[in-house]
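Engineer: The chain contents come next:
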Amino acid sequence: MNPRDPIAEERTTLVIEEGLPVLAAGHTYKSVTDKISAIVLAKKRGRGWWIGLAIALTGFMVLNYSIAYLLAVGVGIWGINIPVGWGFAITNFVWWIGIGHAGTLISAFLLLMRQKWRTSINRFAEAMTIFAVSCAGVFPLLHMGRPWLFYWMLPYPDTMGTWPQFRSPLVWDVFAVSTYATVSVLFWFVGLIPDLATLRDRAKNLFARKIYGFLSMGWRGSAMHWSRHETATLLLAGLATPLVVSVHTVVSLDFTAAIVPGWHSTIFPPYFVAGAIYSGFAMVLTLAIPLRKFYKLDDFITLRHLDNMGKILLATGLIVAYSYMMETFMAFYSGNPYDRSMMMNRMFGPYATVYWALIVCNLFAVQTLWWPKMRRSALGLFIVSLIVQTGMWLERFVIIVTSLSRDFLPSSWGMFYPTKWDWMTFLGTIGLFFTLFYLFIRYLPMISIFELRELVHKEEESKA
Amino acid sequence: MNGHDNSIDLIRLREMTDGDRQRFWRSLEELAESPGFQASAQHEFPVSRRAGDAAAQSASGVSRRDLLKLVGASTAVATLAACTKLPVEKIVPYVRQPEEFVPGVPLYYATALPFGGYAQGMLVESHLGRPTKVEGNPDHPASLGAASLFAQASVLTLYDPDRSQVPTHLGRVASWDAFQAEITDALNNHRPSKGAGIRLLTENVTSPTLAQQIRAFLAQFPSAKWHQYEPCGFDAAREGSRLAFGEYVNTVYRFARAEVILALDSDFLCSGAGAVRYAHDFADKRRVVDARSTLNRLYAVESTPLSTGAVADHRLRLRSSDIEGLVRAVAAGLGVSGVGQASVPAGVPANWIPALVRDLQAHRGASIVIVGDQQPPVVHGLAHAINHALGNAGATVIHTEPVEANPGDGMQSLSELVADMKAGQVELLVIMGANPVYNAPADLGFAEQFMKVKLRVRLGLYNDETSELCHWHIPESHYLEAWGDCRAYDGTASVIQPLIAPLYTSKSAYEFMAALLNQPNTSAHDLVYQYWTEHAPADQAARFRNFEAFWESSLNNGTIAGTVFAPKQVALQGRFAAPGGPPDANPGDLEIVFRPDPAIWDGSFANNGWLQELPRPLTKLTWDNAAQVSPATAQRLSLNREDVVKLTYEGRELSAPVLIVPGHADNSVTLHLGYGRRRAGGIGTGVGVNAYSIRTSANPGFGVGLQIQKTGARYHLVTTQNQHIINQDGRRVEEESQAAFKRDIVRVATLTEFQGHPDFAADPPEETTQAPSMYPAYNYKKGYQWGMSIDLNSCTGCNACIVACYAENNIPVVGKEQVDDGRDMQWIRVDTYYRGSLDAPEAYNQVVMCMQCENAPCEYVCPVGATVHSPEGLNVMVYNRCVGTRYCSNNCPYKVRRFNFYLYSDWTTPSLYPLRNPDVTVRSRGVMEKCSYCLQRINEVKIKAEREDRAIHDGEILTACQQTCPTQAIVFGNINDPASRVARLKAQSRQYGLLRDLNTRPRTTYLARVTNPNPELAGPRAQES
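Protein chains in written order, with the working numbering: chain A, 1 to 464; chain B, 465 to 1489.
It should be emphasised that the hints constitute simulated quantities derived from the structure, not laboratory data. Here a beta-carbon is modelled for each residue, glycine too, at the ideal position from N, C-alpha and C. Where hints are given, some of them may not hold.
Below, a sample of chain A positions facing chain B; criterion: calculated Cβ distance under 7 Å [as the list claims (entries may be wrong)]:
#1 141
#2 145
#3 258
#4 412
Looking at chain A on its own, in the form it has when it is part of the complex:
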């Protein structure tokens, strides 16, 4: 990115202290619709899009290759061992699931809170959620020793009368994540219907018309449709909102329910949720900032959005910082020798570098967002968001790997070193994520058109 973003700079100078606009002035229903649908319906794909997709697809192919080899040979290709039975796979799983959270928070929680500013970011944030959950979902399956038996985790009637073992947090995970994926997809799709109808109506290409027509499920925009749509959206938002809290809570229980020092901690559920939103908003920023630049969407994704997201990042970052402090404090205050040596090991043991890198990434980078100027600098926010995501990945790694590498019996202490397959699988899911994302921005409206039109309407109303 160009470090001197002239548009952003210009806007910054024009800021009126109270209230940046959520939509640039002068937009009409038509201009909004034109601008967004044009991205999808344009004949030519930009060169940048092609290059980006090519890179992402390469990553995706690396993932496929790693998965094929993994299935052929076994999880031994990773660096996991006894004592460290979980390594990159679960780290990546928790990280990706966490990233997904911001999408749900924006689309559902902020909808219920009637936050206007969510409108222009919710669509791609929701898409991000779904793609992140897809990436996350790969790992619990692959990390199993015998992944072809994954369905044994599901409660289905079988002739042997066997059931999942419901005391296991992994079973809770199955329910939490599958519910989350289902609700997220539904919510996203329901939200897409009016826009799909718009695309159907505007598409010149017969094939596109058929596809969009099929997907828009006969939307005609009647008042009855809108009314039902509104109700469905609100209902789904109501369903999705508790999921923002529950999914990562359940994921955190994977660790809390165990007795491993460094995992067995009551602070984990809120700490994980805050961390999830933290990394999720970082990912939204990572995606939004280039999008608004390359597709010239700064009218819709305004500095107001960046500013608000920066604030959320700061707030959740502070919660995360508090959690770290509490975790460390409790390790010493509890008097539990295992917890204490776990914390000493984290800070000064063989993985100390990773721990301090995580502290720097998660606690210090975000402090720059106290300054409004930083929050409104696209480049600054972009860099901070990348640092935060790295930090959050490191956090999961530290929680999982350092805790396992040295637990109770010193004779069984061991080290985890990632193999090339660990890296390939991880980077491969990033490829998968961006492949899906590139396809999404090309074939679906990345900003909700009908909601923006609503916003135009409201702006006009408020002016009148």
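We have chain A; now place chain B onto it with these hints.
Structural biologist: Chain B alone, transformed into the frame defined by chain A:
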């Protein structure tokens, strides 16, 4: 290796049948002997014909026409085969089941493992005619029901796919008949000279039958010579006895009567002919029941940290070359005359020897001084003198006739053989068993002189380094395949019963000797039977109605009654203290110590994966040997772990990686023998470095004058504990061990402390009762409740339990790389922790396997219920149900679960199929596994007891680890029965649970260690030296 060679031969033979279709041949051997084949074989060294070459050839030009020819030829051969009239050999199913033969119910046969020539009595489990598991024979004096790790592992050697399978002549497949013809001719040629050019080389022979055969042979060829060479034998002890008594005598130690023991460089608890029995007797004198119990006291002086030293109450680390000085000082202190000038070696604390001497004097007739086989004869002689002076001879130290049929100094014998070969006097050398090309001392130059022998014949289990250089190689039958006999450490003779017909076209030593005696096709059974009809102890045989009944009784018991040697009165000669041994050396000079490896011994077990993968006692090193040095010496020479150094000793060089071992003597380097095999097989070839290549015949145990030079290279060593941990400064190993003591993982007290606080190790009551739980408690009032108790006072860390577990539970071998990745599969392990200074720490061993927790952390986290609680209190693992999330292992505080990260079990090698215990699943990849308290054994007895409508007796079920444990440190049983042995042990005040503060409520508990230091030598054990 062999399989590979053979398959190459087959390729070549097939080419010949292609080229010469008109010719008929009856057997591969006939074809193999044809001039055409031999020419083609000599034309090209077979090994170079690898698959790649063959592929290249086919790519370059097998024409379609050639291919069709080949197809035609094959079809013709097949048709021919189909036309052959097959012999009528009826097979008939059982109409009535033979007695005692129930499919699924194993049978046990008594036999004996010859180890270094000495018998270890065994009961071998046989499933449908295939031996699967070796167990100790309770009726055998060297076993008493326990078995060494070598005995346990021997069953894998039986099924080793790399064993040689066919006789070979000049490296090519040959037939036994052809050999018989050639050797008869050759021997006949030597008859005129009375066999002056014939030499026989064997290992230690204790077998009366074989000895008789060899004597018969020597009677036919009076000028022939019989040499015996055992690379890690008892030469020094034998020569020592000759120094002391003027004749060879065998020494048997009665540890059951010894109160004070001084072990000098001796690992008597873990190695040697009587080790299993000695460990048993030693541990019996250390059993602590309550505060009134008394303990024996063990002083160990050793250079290399040994298992024996880890158990000792006082361990003094001293260079092997300084031990002679120490013995002389002790002897002088005890008033033994004629020991010469006694200067206490440097490094011995001033009050150590006086205190030891007083302690020995206070226990006259109830003490033992025992010397390791690495020490020179003079030290053995001095020890005999001390034992005599203390009145131990006849009380705790018994002398008997030698057990070997023909005792002698093996090193001397081998030197003479080499000299004869060099002089060109040897025309026919027959080697039975021994592998001198690999393990002869380097200074003899055996291999070079060996090639001067006109006809070299070898009988051996493997087509190894020696066979490679022989004209003839005859595969030797494994002891589980052939009849034989041998004597134990005390002279007790046993008949070796075969458990299975030979798997390959192999011959036992008896059959081989019969062939030399021109008695072809005499069965070994008949030879052994015949011998004992003539030599059975008359008084014993008379108790039976005929010899047949006596024979059957002997087979059944595993020993031949009345064959134990009677104690022999010997008088001390004046020569025992004759100066000898290594020359006096500057204390700063480096010494090198050669020891047999605690796992693969002299290298004969090098191709045994169970043993190679075994973490060696204390060092936890696997799959390698290393130049072991003390931390201080490493610091002085600025060596780090894994630095490759060049060892220069007596003009020979060897590069070896460095391993820093706490507790090693300073200025001393230990290098274990048995590694660096060039032709051991797929497992053992190329593992480690060959210490024989710098060992000399003059000082086979150790020697001074070693030079060390850093090469700058690094070599990765894999240890299962302390991995990457012990650096030059040793900081990290202390961290681990300190944590272990801080966490009360190891609990230890001296006898005095224990008497003051009998419950010093006890867990607080809140840790032993059920804490409040959301889940209802299990009802354990009725039926059996299994539990285990491990006495840390008895455990020597010998590793036999690990190998027994391998055999019993079909545990796979994973290889060095996987062990390095932390993926070793052993269900039971021996953890070692150190306390005290890094230079001379106390070592504590702790056997850890699944604790079968009452509140098992593994159970509730499994998403599919693959690990569940049984009504009898076990955590059972359902392999079929496991999907492999590894959550259970993460949550296991003891880290005793093992995961099949890959397909570790060998599912493709046919020879390993019959090895497997049919009662235990062979696990596939992606499945978690762990100790099950040998559930299959529990069920076997339970079924039997239920059928007989009775309760299971205490001690009726023995887990594999318990059964093989020489010291009976592991006791398993029903804890619901307060009278059971395990319940009584658990009631002891020393009982504690590992990590009980986690509320796991483990069913396996430990009995804390109690040491018995000499009050005169104040301070903890670590303060010495």
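Engineer: Compare the structure with each hint and give your call.
Structural biologist: Tested hints:
1. The restraint placing residue 141 of chain A at the interface with chain B is violated, with a minimum CB-CB distance near 10 Å, outside the 7 Å limit.
2. Because the beta carbon of residue 145 of chain A sits about 2 Å from the nearest beta carbon in chain B, less than 7 Å, this interface hint is met.
3. A cut of 7 Å between beta carbons decides the hint on residue 258 of chain A: the least distance to chain B is about 5 Å, and the hint holds.
4. Nearest Cβ of chain B to the Cβ of residue 412 of chain A: about 4 Å, under the 7 Å cut. The hint holds.
Of the numbered hints listed earlier, the single one contradicted by the structure is hint 1.
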